[in-house]
Each structure stands twice: as structure tokens, then as C-alpha cells.
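Residue-level listing of the chains:
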Amino acid sequence: MANNIRLLDDNTINKIAAGEVVERPASVVKELVENSIDAKSDSIIIEIKNGGKKYIRVSDNGIGIDKEDIDLAFLRHSTSKINKAEDLSKVLSLGFRGEALASISAVSQMELITKTVDNDIGNQVEVIEGKIRDLKNVGCPKGTTIIVKNIFFNTPVRKKFLKSDNTESSHISDIVYKLSLSYPNISFKYIRDNKVIIKTPGKDNLLSNIYSIFGKDFTDSLFKTNYSGDDIKIRGFVSKPSFTRGNRKHQYFFINGRYIEDKKISKAIEEAYSTLIPANRFPIAILYFNLPPNEVDVNIHPNKIEARFERESTLRKIIYKMVKDVLKNNNLIQEAKLNKKSKDKSEQKNIINILNTKENYKEKDKNNKIFNTSNKTEELNDKTEVTLNKIPTREKNKEDNTETFNKDITNEENKIKENNTNYEREESITKKLPNIKIIGKLFSTYLIGEDLDNEAFYMIDQHAAHERIMYEKLKKQYESENITIQRLLSPEVVNLTHGEFEIYKNNFKLFKNMGFEIEEFGVNSIILRGVPMLFGKPNTRVLFLDILDKLHENIKSNYEVRLKKIMKKACVNVIRAGDKMETIEINQLLEDLEKTEKPYTCPHGRPVIIKMTKYELEKKFKRIQ
Amino acid sequence: MAKLTPMMQQYMKIKEQHKDSILFFRLGDFYEMFFDDALVASKELEITLTARECGLKEKAPMCGIPYHSSDNYISKLVEKGFKIAICEQVQDPSTAKGIVKRDVVRIITPGTITDMQALDEKSNNYLCCVYMDNEGLGISYVDITTGELHTTETRGKKEKLKRTLIDELAKITPNEIIVNSLLFEETVFVKNLKSRFDVMINKYHEWAFDKKTASNRIKKQLDVITLEGYGISNNEFSVSSTGALIEYLNETQKIALKHLNNINSYSIEKYMVLDINTRRNLEITETLRGKSKKGSLLWLLDKTSTAMGARLLKKWLEEPLLDINKINERLNSVEYLVDNQYILDEIKELFKNVYDIERLVSRIVYGSCNARDLISLKNSIGVLPKLKKLLIETDSEDLMKIGKNIDELREVYNLIVKSIIEEPPVTIKEGGIIKKEYNEELKELKEATVKGKQWLTDLQADERNRTGIKSLKVGFNKVFGYYIEVTKSNIENVPENYVRKQTLANSERYITPELKEMESKILGSEEKSMDLEYKLFVQVRDYIRKEIKRIQNCAKIIAKIDVLCSLSQVSYKNNYIKPDINNDGILDIKNGRHPVVEKTLDEELFVPNDTLLDNNNNRLSIITGPNMAGKSTYMRQVAIISLMAQIGCFVPAENATIGLVDRIFTRVGASDDLSQGQSTFMVEMSEVANILNNSTKDSLLILDEIGRGTSTYDGLSIAWAVVEYISNKAKLGAKTLFATHYHELTELEGKLDGVKNYNILVKEKGDDIIFLRKISRGGADKSYGIEVARLAGVPNPVIDRSKEILESLENRETEKKEIAMTKDTIIKENEENYDKNEIKKEESDFQLSFIDKNKEEIIDELKSVDMMETTPLDAINILYSLTKKVKDN
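So the protein lines, in turn, are chains A and B. Per our numbering, residue 7 is the first one in the first sequence, and the count goes up by one each step. Per our numbering, residue 12 is the first one in the second sequence, and the count goes up by one each step.
Keep in mind that the hints were calculated from the coordinates and are not lab data. Glycine is no exception: its CB is placed at the ideal position from the N, C-alpha and C atoms. Misleading hints may appear alongside valid ones.
[What the hints assert, rightly or not] Derived Cβ-Cβ restraints for the label pairs, each shown as a range:
| # | chain 1 | residue 1 | chain 2 | residue 2 | range |
| --- | --- | --- | --- | --- | --- |
| 1 | A | L516 | B | F491 | 36 to 44 angstroms |
| 2 | A | N125 | B | K793 | 57 to 65 angstroms |
| 3 | B | K205 | A | L516 | 50 to 58 angstroms |
| 4 | A | E525 | B | N390 | 28 to 36 angstroms |
| 5 | B | R421 | A | S234 | 42 to 50 angstroms |
| 6 | B | N390 | A | N172 | 32 to 40 angstroms |
| 7 | A | F627 | B | E433 | 54 to 62 angstroms |
| 8 | A | P284 | B | D82 | 27 to 35 angstroms |
| 9 | A | N125 | B | R166 | 50 to 58 angstroms |
| 10 | B | S303 | A | L516 | 28 to 36 angstroms |
| 11 | B | L612 | A | L516 | 35 to 43 angstroms |
| 12 | A | E525 | B | P77 | 28 to 36 angstroms |
| 13 | A | L516 | B | R477 | 52 to 60 angstroms |
| 14 | B | K305 | A | N172 | 40 to 48 angstroms |
[To be verified] Straight-line C-alpha distance at most 30 angstroms; calculated DSS-like pairs for lysine-lysine:
| # | chain 1 | residue 1 | chain 2 | residue 2 |
| --- | --- | --- | --- | --- |
| 15 | B | K774 | A | K142 |
| 16 | B | K173 | B | K222 |
| 17 | B | K359 | A | K230 |
| 18 | B | K108 | A | K511 |
| 19 | B | K571 | A | K155 |
| 20 | A | K515 | B | K481 |
| 21 | A | K515 | B | K489 |
| 22 | B | K440 | A | K184 |
| 23 | A | K137 | B | K776 |
| 24 | A | K209 | B | K400 |
| 25 | B | K774 | A | K201 |
| 26 | B | K584 | A | K55 |
| 27 | B | K222 | A | K201 |
| 28 | A | K511 | B | K440 |
| 29 | A | K230 | B | K231 |
| 30 | A | K209 | B | K610 |
| 31 | B | K133 | A | K230 |
| 32 | B | K462 | A | K511 |
| 33 | A | K60 | B | K584 |
| 34 | A | K515 | B | K222 |
| 35 | A | K209 | B | K481 |
| 36 | B | K363 | B | K399 |
| 37 | A | K73 | B | K87 |
| 38 | A | K447 | A | K155 |
| 39 | A | K73 | B | K774 |
| 40 | A | K209 | B | K601 |
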């Protein structure tokens, strides 16, 4: 019994302590880059492979480490930045606990190459599990390079908790954005899997720095903003009301050069935007604060991401007014300079509200979506507006960054399916839709139905539902090669351009299989003799040309893809041109929808049906807290 | 006696005039080759050899290719070094009486190929013409796909002229050379050129080089009465070569090459002179080994978006500037673009729509352009207004200046927009290329067609009603035209006036007179509109042909901007800095890097190094240090940084002051001249001779291990003398990096003006050495050759033995030092007298061998001792005598 409690050996202590600092590869990058910054570098290269799990390299051109100091650097609580506790209040450097190198080296295979400016020769050491091996001379440029390989190789459990390569790299990317934003005077180069992702100019120009990180559309959407008081100075950018995000991910605040997250600052900015942007949308903000160091306390958490400062309410007022003024003077204010050219184009794009960083578009886009919804969850409590498409199982998907955008759509379907799984089990396996009793129609588009058994209500988008039904019918007929053709009484001659004619010729078979009866009719012209019956009596000519255009866009895709595209296109057309919604029997619609394979989305991936439980509703009305 | 058929007679007549070419003889849809041509072509192209009656007893060997796919075959043959004469039917066969007239319309040679598929779009395809006599040399070269024509000339002795020619050809890398007969008669030299540049060289008519003829020929081409505006009126050699070149083009191309409307005459001294070895050693456009673009400086710097830009960048790299203002103009533009990435990005975005305008223009000139080419041209020049606006709005004076010079070519653009359909077919004679709104007549014709077709569909409905046949339809196929189709089951209802035309399995097809009438109306107007479209297209094309000079100017500007963008992009991505250019001869580089090696190092970190060379105390750096330590990389790096600065690019360094250099010479490693049948040492020495004879005090010399190809003392002496010669300001005084393993040379610092010692640091660790790749002041003490040999995997016994030998040799070192010292004093007295050193050397050799002889005696004595028979006293005595012998020496 007495032996149950014992002292841990150093190795174990180090491994445990490392956990505080080294959560994942991104934390390694953060610590190393912060060290580089503290070493007065003006050029820092960050290279990662496999999401940083296999390989992280941070190279700087800073002051380097003396040979004599290398040993010390790997000791816990060794730091060059403070001597005693009192110094903490004056800390202007980033790392100061003296944990970084020790912690990282405890859980990885590390290599350090360093040279100070005064020496001709550099030194190289290997550090494995915190132990320095093999110190040797080496030729190298001035500065320090640290390579971290196989992180958590000695702590298998932690290693297991690492996420996919994509997830880990997106964490690292986040860190790199933040660091490069906070140091416009340093040139950052970020290489991911041998590809240069970001290269910032490092010339202390905020705007060209932002441009090099986020690209043109982002930069074009910014207003410059400034405040200069006695001891509080703020400079930076906020987005035009037309360019918003679904979450706060692109609100960056830097206090005395350090990145922090602060809800209160966010709130102050958002208040200035109220009524200008839709609810649940958030402005972009990149703001740099200069505050007296003795009024800021950053030593709250090892990740040093939150900060406290005195005179908080004053600061909030300043921010609110500053942003409000910028927005008010919208027209007078000189817009961000990059904006000068091709304004119109970018504004058009802004409407889409999707933000492309220079990074992988799809990945980012997906992140947005995910955060979009999870953010809403937390918003429910303090906002009064109703969020309808809140889907509780999203959380799971958050970790699933590896999937491509295309899969995302099917995912969406799955998620909705998941929502309904409970129900399905209770009722019958074949039944896809719950028993909905339609009780009304909204905006003559959405059907409202209740499902008393499950204490839920549903909204169905009639158009989407109809599209789905038509699409599956057409697909089924096509697959069974049993398309009913509607002969046109008076065939229609369509004169095409040479280009269109070529497309037609290349896709002749496709049209035929789909139920078009077409023949060539002289030079560059064709005659339409029949169309698929399903389409009713749409404007055949327009439909045909639309499909040709669609084919032209996707000239390289394979047969299957083209086919699907066309069918989707056709369905939209049919509904647009043909049947009025009123004429559709509602019950027939539900019945038909039930028969489809995927009743939850329209062929383009938009939802057909949205569910909301009684519980959620009551929560919104604050019946339940 | 059999007689040739008339056609074969025609063939023989034409072939007679084109004996040196393979004759492509047009027969209908084919180009046919006969007799020997057929034998050669069928083999080279791997096509079937047949035969054709020709009137003689034996059939004529024959092979042929369809005319529409001839491009491929032609370029294949041209690539193999054949000339092709294209013989077309020059008369409409339908109106010809007897045999159709045929004539050669074009001769295609490696230098005059215009098939875009066969050409690398990123480099020029030059045809070069050289005139050389005992007094001077004229070189002219042209790229007929872009219309640029350059010429230069130089005077001097024959050997120098040959050298210059080789260096210029190394820059031009032509695909075909024509020369005057005097030069052609230098058979050894011509053979040498042929194999060195792998190029076709032919003699051309002597009369074409005649100054007067040539001059007139040029004037006619440029349509001027004097050549003064082109700066060649006094350059007789340039005139000869240019005139002959144009004559040759005239003879082979047989059309007016309107896009050859300017002559760029330059003097070789206007650009930094890079001899053939330097171009190769510095790996400017291709690597030394493998000759690939990848790994060359061009590869690193080429981020151009257009083919024109890519070609211009290559040209810039081949012709670094000497004019400080022009260099700074480029550098300032690059600086602006580096600092304003968003402008750079926007320009690059614009250039995505830009095609190879220069080559489009040449297709317009050749009349081989189609409507798609015009659309490409339209899209390309469509970016001009935006580009102009972008450049004018910059804060960079130089970019603004370029911007202001942009001609927006709006009328050309508008004309194409108005006239040509956006997505036209490849063919130009089958319609569908001209917008109907462009021409009233065309519109009427098109509408008639549409109306006619409507009439046909109406006819279907009418006839259904009239006959009661529900399945009746009006259809079309290419053979029968329009018809009425009735299924078999309805045949009995077919009216009288239907004429049966075709029977199918399930149906019958009929025509009626009125259907045919309408058909001929439709087809007639279709045919008419095709003809009209072609006519209109030719009109549009001819209008544009008048504007090609303006279009070419725009192409030049786009190319320049593209190159500037490319240099900026590379500079930004790789952290290059703007060099400070001066005329004071100071080359001061802080933490310079080798741009290509830096890129190709993967895990290893590139170690930057400083360089200081000037016109005073730092003229010649003697660099010592082991092999593999990075001497060559370092020296090349300095040369490349200078070169990059002088093309107007940022350089890989932390700080760089670049004094302009007029020439860069390199003598590095073994060159591939070995294939020329000269010994390594001979090649080395002739290169040294070339360098010493042609460099000036403003040149930069990179000399690696001069004198290593001969015995140690010979080599050392040569190296020593070369250092003295170069460092002597009165004689040469060029800035020099001199790498050597003769450590004796390090003694020259302090003794000769401007010489400084440097070495590459290494660290010994047991038997191994660590390369630190850092240049440092002072000489190295040894070369670590054996250590390097070990690293290279030389077997251990050899390594151990070489260590032993080294040790014994090093004993001689002390002796030699003394010699060197005496040598120095002698040199001080009389710089060019080495005779006494030779004597000293012999003495020392004698001394050394004496020591060895002594050793052998002692060993022999030891060997003769039989220990079993030796008493302790004897042993002591032997030891005594041995010690005495050694001590006596």
C-alpha cells in the first residue's frame, strides 16, 4: 500500500508537462515561431509535411544560440526573457515561461541548427526525448533552424488523438495566419507538403501583408480604420457590410503584437454593424491595439490566447465609435487602397459571402459551413432570432475535414438522415419520411407540417421537392432505358453556331439516350422532333440550348457526370417553365417524395425538408432554459 | 525508246531546280515523292513505298502523304536535316487544259519552319547567315515565326573572328546557318561548328553577299531608300550577311514577309560578353550535364505567362546589359512589382488571356491564319487597355512610361469583335466564321437559309395533312440532300408527285420538284454565304496585315512586362534584394547565395557567403580549400549574381553592390571540348589564352584550378604567372576569383598588389572532415584530398598508402618553401625571369632522392640482420652504427 504513491522520474514529468504546451503539431509551430520572433528575425520559414505530424521545420535568420547556451535551451524553465517574477508585468516578448524547447523535445525527435552572427561556424544537435546528442559543427546561415520529426512518437496515446493531416494542417495554417498578421514587419514563408502557401512581404505594410495571406477578394472588402488616443492606439481594418462571414474566425485582434481572442472586443465591433448586416453574420476585423503593457495581463493560460486589461469598458467604447464612424462615412472614407481597381467585380463577388483564403478553397469553404452552424448553437441563448436549420449532429462532422466538398453534399443528406433515424426505427425501415400532417403554406412556397408523434414540425420546400421527384423519375426512366418521348407536332429547327454544333455532335448519343429525338438538318442546324415526355411542354428550344451551354461548361467531364448535370438542369427548367406549384396536389407530392431515393435534398444539394423539434421551439421562446 | 509521261516530264523539270530538296509534288489530295526522294522519304517517315507508271520501262518508285496531315511529316523530315520543296497545283484543275500547272511555292528548311506544333514556343527558331572574309565578320539572324531580325559585325584577324563567331553562335543557337563560300571552304572549322552546335550549314550564292546587291535587297524588304535609319549603312559585313539572309528567305518562302520590317543592329560590345564556355559553365539556359533547361538559371527565373515573355527572358539572360541606366530602369520596375504584389497578380491574371501574338502575326503574314487565330489575337490585344490603365496608375515612373507607350489597338480589336464569330471552326472556307450582322448581304443570305428551313418544316406539317400520313417527315442527309420519308406501311398513300429516291428497310424516301427547288435555294445561299464569308474573312485579315507593325510593338511591350513580372515574382518568392549598381568596379556582396543550388538543396541549409572585389586592394582572390568544399559553387555564385544584376533582376543576397562587368570569363573543370580531339591540357591552355587575350580590367574572371592538367611544377609555374599577369594593373587588373590547390600561391598576398587569400573552412574530426562551406580570409593549410577520396569511396588500402606517400612528400615541403622564398626575391627583381628557379628545382630534386637512397641503405642493413644469430653485444653495435648513419645525414 505504501508503495502506491511515488515520485515520477524526470522523463515522465517532462512528458506530462509537455502536454500543457504541446497539444498538437500546431502548438509546436506556434512555440517555435514565437521563439524565432523573439530572436529578432525578419524572415521566418515554416515548413510542414503530413499536417506537421511527420515533419515541422522552422528556420529563422535571427540572433541564433551560442554554443554554450544550447544545453540550457532545452532545460525546463530556462528562458532568455525574464529573470524574476516582477518582470512578468513588462513582458513584451512572446514566449517567457521557458518551456517550449524542453516540452517539444520531450515528445519528438528534434534537430537544432544554429549560428550566431559573430561566428563563422554553426552548431548542430540532435535532441531525442529531451536528451541532447551529438553536438557538432556545421556550416549554416545565420539564425536558428529547428526540425521536429515524428511528434508524440514516444507517447502513443497522444499520437492516436492526432487528427487527419488536413485537420492538423488547418490548425497550423490558423496559427501561421495569426502570427504573420501580427508581425507585418517579418517575412513569413509557409510551405506545406512542398508547396509554398503563403509568403508575406515583411515590409511593415499592413495591407499588403493581409493581401499576401488572404488574397484579393478579402483585401478588396476592407475599410481602413484608425484610432489614436493618449495611450491607446488602434489601427487596422474592418470589412464592408456586404462582406461578412458566418463565424468569428476572421476577427483577428492583436494587443501589443500578441494575438488574442476576446469576445468583448468582438461584441463592440458587431454592435457597430447592427442592422447593417444580417443576423448571424459576422464582420471581418483585423485590429492592432497598442496598450500600455502594465495594463494588460496576458499570463492567464499557457496558450496565452486570452488577455485581461484594465479600462475595458473605455476600450469597448472606443472600438464601437471607431468602427461606427468608418461605416457611417462609408462613402467619404478612402477605401482600402488595393481596392482602387476593379471594384465592381469584387463587390459582385462579395455577395456570395464565401471567403477564399489563398489556401484550399474547398477545405475552407467547408470549415465555414461547419463553424457556421456550431456558432449558431451558442448564439441561440443570447440572440432572439430564430435559427431554423440547426442540426444537432453537426458536431461530429466538425472533425471530418478530410472530406471533399462534393462529399459534403452527401454528408448533408446523411446528417438529415441521421436526424430521422430515431423515427425510422420506431416506424418502419422502409419509410423515409415521417408522418407529416400539412397544416399550411408559407410564402406560397414552403409547406408547414407537424408530426405530433415526435413533437416536431417540418418545413418542406415545394420547388425543391418537385425537382427531386422529377429528377429521380427521369433518372429511373433513363436507367431502365424506357424514356417516353413526346413527339413534337411541328418539329423545331435550331440553328447553331459551329461551336455548339460540335458540342451537339459530340454528345449526340447522350441526347438520344435521354429522350431527345434530334437529327441534323443542313449545315450547322438541327431539327428537334421529340423531347422526353417528362418535361411536359416546356420551351423545347430554350431547354436544348441551355443543356448545350451546360455541356460546354463541363466539356471535359465524363459521360456520367455530364448526364447528371443535364438531368438536374432539365428538372430546374421543367419547373421554371412548366407546372405552376398550385396545381400540384400536396398529398401527391408527399407521396411521390416518399418514393424517391433521397428525399432530403434537391438534385443540387439544397435541403428539401427542415425539421425543428418542439423542444427547440420552446427553448427559443424561453419556456425552457 | 520509252518516253516519260507529260506529268513526269513536269516533275523532272521542277525537280531539276530543287536538287537539294525533297520535292513534295501535289497530286490531288496527296503530296507524292518519286525516285530517290521516294526511297529516302519512305524510309525516314516509315511510309509505304509503291511505284507508278512513268512511261519508262520500269515504274518510278513513289510514296505519298495526304496534304491535310502533311505538317507532321514535313517537320519530321526537316528535323532530320532535309529541305522540303512544296510543289502545288497553281491552276484550278477544273479549268485547266492538259496538265495542271504546278510550281514550288515554298521551301521549308530547319530555319524556316513555321509549323507551331514542331517548334518550342519558349525559344526562338533562328535562321542565321554568316559572312566572313579576311577582314571582318557579319552575322545576321532571323526568326520568321516572330519577325525579328538581328545583325552584328566585327573586324579583326581571322582567329579572333572565328572565336567571336563561336561565342555569338553559342548565344543565338540557330537551327540553320547559311554562309559565304570563303567561310565554307574552311572545312575543318565548318565541321567543328556543325558538330558543336548540331546544326545544318550550307553555302549560299556568292552574289547574294555582294555588298551592293545585299544593300538593295535590304532596302527593298524594308521599303526604304537609305539604310541610315537602321544604323547599318556603314557596316558592310552586316549588310552582306543581312542582304543574303533576306535573299534566302525570298527564295525559299516566295511571299512578301511583311513582318520583317525592322533590323536590330547591335554591337557585340553593347552587351556583357559571355563566351561559349562561360554560358555553359554558369548553366544559364541549360545544364552542363544533360543539357536540360531544368536546373538552369533560366529555369529558375522563368515564371513568364506568355511565350513571348519566355523568349524575351531567354534573350535578356543571353544579353546582360552594360548601361547602368537601362539596368536601373528594369530594377526599379521589378522593385515596384515586388512591393506591390496585387498589381503583379492582376497583370498575371490579364496575361492568362494572351496568346503568342508574335507567332499569330507571322501566320497572318503567311496567310495561314484561320478565324480562331484572329479570335486569339482579339483576346490577346483585348487586355491592352486594362494593362495600360494598370501601368499608368502605378507610382513607378518606368512602368508608367511603358504604360503610356501602349497602343490599345482598339480598331483592330473592334473589327474582330464585329466581324468574327466567337467560336469559329478551324476551316475558313466552310462558313460559320463571320457574324451575320457584319455584312448586309451575308445577313440576307443567312436569313434566306433560315426561312428555307422553316418552309421545310412547314412542308412536313402540310404534307402530313394533305396525305394523312402521320409518320411522314422531312429529313436531310449529305448525299441526297432534303427528302420526304414515309414508312413502308404508308406507301399506298404516297401522292403522285413524289419521286422515289431511296429505299430503306422500313421506309422510302422521296423528293418533289418543289422540295428540290427549295433545297437548291437553301444550298445555294449556303454556298454563296460560305464564299462571301471567306471573302470577308480575307478582307479582315488583310486589314490586320496592314497593322502588324503596331501589333508587333504591343507584343514587345507585353513580353517586356511579362519578363519584369517573372523576375519580380521569383525575387519576391526567394527573398532576393535589389542590387546597387555602380560604375566604380566595386563588387560587394553580403551573404550571397547561389540561386539555383539554394533551390535544389533539400534538407541541407545553403550557407551564404560574402564577396568583396574592387579595383584596388581586392582585385584577385586566391581561394584555397579542399575539393567538394564548395569553391566552384561559390565562384559561380559570384558570377551569377553579377549576371542577374545586369539583366535587371534582384539578387540572392542580403546586400549587394554590383560594379558593372563588361565580360565574364570562366575556366572551370573539364569541358566537353574533349570530343574535338584535343587533350585536356591543350583545351585548358587555349581557354586561358582566350581569357588573357580578351578580358579587360572591367571583366570578371572565374578561374578554377589553372594548371592542373600538367605536372605539378609546370602547373604551379603557370598558375603563378597567370596570377601575376592578371593582378598586374598595367597588364590586366581584372577582378578575379582564382581557386587553386597550389598552396604556394597564398604567399602572394602582400607581395602582389590587390591579391587577397581566402579559404573555405573545413573542420577535421578524426579521419573525417566536415565541410562548413564558409569563405574566410587567409589561406588553407592543406587540401584534404585523401579525406575527400575516402568520402568518395576509394578503397582503404589505397587511402592508407596515399597517406604514407603524403607524409614522405610533406617532408619535402620544408625544402620547397625555401625555394619559394628565393623565388620571390628573384621575382621582385625581375618579374619574368624564371630560369634560375628551374636550376633550384633540379637541385632540390637531387637532394630529395638522396634522402631516400639513405633510407633504403638502412632498411637493407636491417633486413640482413639475423636475430637468432645475434648476440646482445652485436645488437648494440648494429644499433650504434645505424644511429650514426642517420645522425650523419
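Checklist entry - Quick one, are K774 (chain B) and K142 (chain A) close enough, alpha carbons at most 30 angstroms? => result 10 angstroms, holds
Checklist entry - Holds or violated: K584 (chain B) with K55 (chain A), Cα cutoff 30 angstroms? => result Holds, at about 20 angstroms.
Checklist entry - Regarding L516 (chain A) and F491 (chain B), is the given constraint of 36 to 44 angstroms on their beta-carbon distance met? => result 27 angstroms, violated
Checklist entry - For the pair supplied as a hint, K173 (chain B) and K222 (chain B), is the alpha-carbon distance within the 30 angstroms limit? => result 21 angstroms, holds
Item to check | K515 (chain A) paired with K481 (chain B) [C-alpha distance capped at 30 angstroms] | outcome: 26 angstroms, holds
Item to check | Pair hint outcome, K774 (chain B) versus K201 (chain A) [Cα-Cα no greater than 30 angstroms] | outcome: 35 angstroms, violated
Checklist entry - Per the hint of 32 to 40 angstroms, is the separation of the Cβ atoms of N390 (chain B) and N172 (chain A) within bounds? => result At roughly 37 angstroms between Cβ atoms, N172 (chain A) and N390 (chain B) fall inside 32 to 40 angstroms, so the hint holds.
Next on the checklist: Tell me if the straight-line CA distance from K73 (chain A) to K87 (chain B) falls inside 30 angstroms.
Outcome noted: 64 angstroms, violated
Next on the checklist: Assuming the hint says 57 to 65 angstroms, is it satisfied by the Cβ distance from N125 (chain A) to K793 (chain B) or not?
Outcome noted: Violated: the Cβ-Cβ distance is about 23 angstroms, outside 57 to 65 angstroms.
Checklist entry - Within a Cα-Cα threshold of 30 angstroms, do K209 (chain A) and K481 (chain B) meet the stated pairing? => result 80 angstroms, violated
Next on the checklist: Can you confirm whether the C-alpha distance between K222 (chain B) and K201 (chain A) stays at or below 30 angstroms?
Outcome noted: Distance ~58 angstroms between K222 (chain B) and K201 (chain A) Cα, so the pair is violated.
Item to check | Restraint status (C-alpha distance of K209 (chain A) to K610 (chain B) at most 30 angstroms) | outcome: Holds, at about 23 angstroms.
Of the hints listed earlier, those the structure fails to meet are numbers 1, 2, 8, 10, 11, 13, 14, 18, 19, 22, 25, 27, 29, 31, 34, 35, 37, 38, in rising order.
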